[in-house]
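Residues per chain, in single letters:
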Amino acid sequence: MIFLATRGLLVSAPQVYPGSGWTPGPQAAGAGYPLVPVTASAPTAPSPSRRGLVVGRLRAWLALIKPRIIELLLITTVPAMVLAARGWPGTGLVAATLVGGVLTAGGANAINNVVDRDVDARMERTRRRPLPTAAIGPAEAFAVGVVLGVTGFFWLWATTTLLAAVLAIAALAFYVVVYTIALKRSTPQNIVIGGAAGAAPALIGWAAVTGSVALQAWLLFAVVFFWTPPHFWALAIRFRADYAAAGIPMLPVVAGEAETARQILAYAVSLTGISLLVYPVADLGAVYLGVAVALGLGFVIGAVALLHHPHRALRVFQFSNVYLALLFGAVALDVLVEAG
Amino acid sequence: MDRAVLVVGSLLGVGALLVAAAFTRPRPSTPREVVYLALPLIGAIVLAGFAWSRV
Numbered sequence: 000m001i002f003l004a005t006r007g008l009l010v011s012a013p014q015v016y017p018g019s020g021w022t023p024g025p026q027a028a029g030a031g032y033p034l035v036p037v038t039a040s041a042p043t044a045p046s047p048s049r050r051g052l053v054v055g056r057l058r059a060w061l062a063l064i065k066p067r068i069i070e071l072l073l074i075t076t077v078p079a080m081v082l083a084a085r086g087w088p089g090t091g092l093v094a095a096t097l098v099g100g101v102l103t104a105g106g107a108n109a110i111n112n113v114v115d116r117d118v119d120a121r122m123e124r125t126r127r128r129p130l131p132t133a134a135i136g137p138a139e140a141f142a143v144g145v146v147l148g149v150t151g152f153f154w155l156w157a158t159t160t161l162l163a164a165v166l167a168i169a170a171l172a173f174y175v176v177v178y179t180i181a182l183k184r185s186t187p188q189n190i191v192i193g194g195a196a197g198a199a200p201a202l203i204g205w206a207a208v209t210g211s212v213a214l215q216a217w218l219l220f221a222v223v224f225f226w227t228p229p230h231f232w233a234l235a236i237r238f239r240a241d242y243a244a245a246g247i248p249m250l251p252v253v254a255g256e257a258e259t260a261r262q263i264l265a266y267a268v269s270l271t272g273i274s275l276l277v278y279p280v281a282d283l284g285a286v287y288l289g290v291a292v293a294l295g296l297g298f299v300i301g302a303v304a305l306l307h308h309p310h311r312a313l314r315v316f317q318f319s320n321v322y323l324a325l326l327f328g329a330v331a332l333d334v335l336v337e338a339g
Numbered sequence: 000m001d002r003a004v005l006v007v008g009s010l011l012g013v014g015a016l017l018v019a020a021a022f023t024r025p026r027p028s029t030p031r032e033v034v035y036l037a038l039p040l041i042g043a044i045v046l047a048g049f050a051w052s053r054v
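So the sequence lines, in the order shown, correspond to chains Z and X.
Going by numbering that gives the first Met the number 0, the first sequence opens with residue 0, and the numbers climb by one from there.
Going by numbering that gives the first Met the number 0, the second sequence opens with residue 0, and the numbers climb by one from there.
It cannot be assumed that every hint is accurate.
[To be verified] Sample of chain X residues at the chain Z side, in silico, Cβ under 7 Å:
| no. | residue |
| --- | --- |
| 1 | D1 |
| 2 | R26 |
| 3 | Y35 |
| 4 | I44 |
| 5 | L46 |
| 6 | G48 |
| 7 | A50 |
[Stated by the list, open to error] What the simulated footprint calls covered on chain Z by chain X, stretch by stretch (three residues with Cβ under 8 Å from a Cβ of chain X suffice, anywhere in the stretch; the number is not a length):
| no. | region |
| --- | --- |
| 8 | 154-164 |
| 9 | 213-219 |
| 10 | 233-247 |
| 11 | 276-287 |
Simulated from the structure, these hints should not be mistaken for laboratory data.
In this text, a Cβ means the ideal position worked out from N, Cα and C, and glycines have one as well.
Sequences and hints are given; from them, build the entire structure.
Below, the structure written as structure tokens:
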């Protein structure tokens, strides 16, 4: 769940203008990052139109829910649904599940923004989020998060299954309470354990179709779970100084780049093994097996290279994005090809 | 083929985490950190066990 939010900031991160007298404007978390002079005063600034205020507020809300995370929902939820149904589960059900997933994940992200607003303000990578820029207040952000989460729960219950709804709201609670509040600032294993929240969409997708959770769903969950540490540690190597400045004990901060690279390699190997278990258990075919082997080799080779070249961390991070998308794409493709 | 993939998958999935847990530096200094380190390993072992029971 975390990587796509951070990836979004990597891809579209606005420039920093130290000492220039300019700073990102209040809509900096949205697209465009308008610049306004630090010294601009209210009397000389033109009054924003009502429409401009509404658009600005909507942009802030959108940034609050970290829309990039929706991509992870698409990547992991839909293939899980296809596998559960052994074919296309129906466009209506897929759409309803994704809407519910977006609502609950958006709610979790909004509340996460509230809890982490002090840390976000200290990190270069996150300081332009809506709360650090005061584009939105913490009470409003919290209310948005709660409303989205509750709405998502009832939406999923009404349109899919109760189990899917319960899993979604449980993932929200786990993300906020276990990851953000309990683990993030206290242990370098934060994203290892916290990764369970990001892996939940695989279970939710399966439960939306079947009303239960089978071993195949747990294996897909495990793929995302074991993918999360190497993915996020690679990013943390790149932004090690940022995390250190914010006091977040990410593994590269606590144990150094070399140890982190070794752990990335271990998790890449383990991830490859877990992804292979999906093949016999889910009764998939050559398409999936070939993709899983090729992607696993690629990930392991990238992790080995990282041992000797820490500056390649961003490359490993980017490959991990491709890895997850293609592996889950192969699950869906394999099933759909077989179903004809 | 299924059995061969099960063997390779289980060895890689569990073995790599075992090695990682054994050589983690700095060593976990509290029982809580040991639990954090053990949880993914236990999860991988349980999943591999279930996989073997289903295939």
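Hint check results:
{"no.": "1", "hint": "D1", "result": "4 Å, holds"}
{"no.": "2", "hint": "R26", "result": "10 Å, violated"}
{"no.": "3", "hint": "Y35", "result": "4 Å, holds"}
{"no.": "4", "hint": "I44", "result": "11 Å, violated"}
{"no.": "5", "hint": "L46", "result": "5 Å, holds"}
{"no.": "6", "hint": "G48", "result": "11 Å, violated"}
{"no.": "7", "hint": "A50", "result": "5 Å, holds"}
{"no.": "8", "hint": "154-164", "result": "violated (count 0)"}
{"no.": "9", "hint": "213-219", "result": "holds (count 3)"}
{"no.": "10", "hint": "233-247", "result": "violated (count 0)"}
{"no.": "11", "hint": "276-287", "result": "holds (count 4)"}
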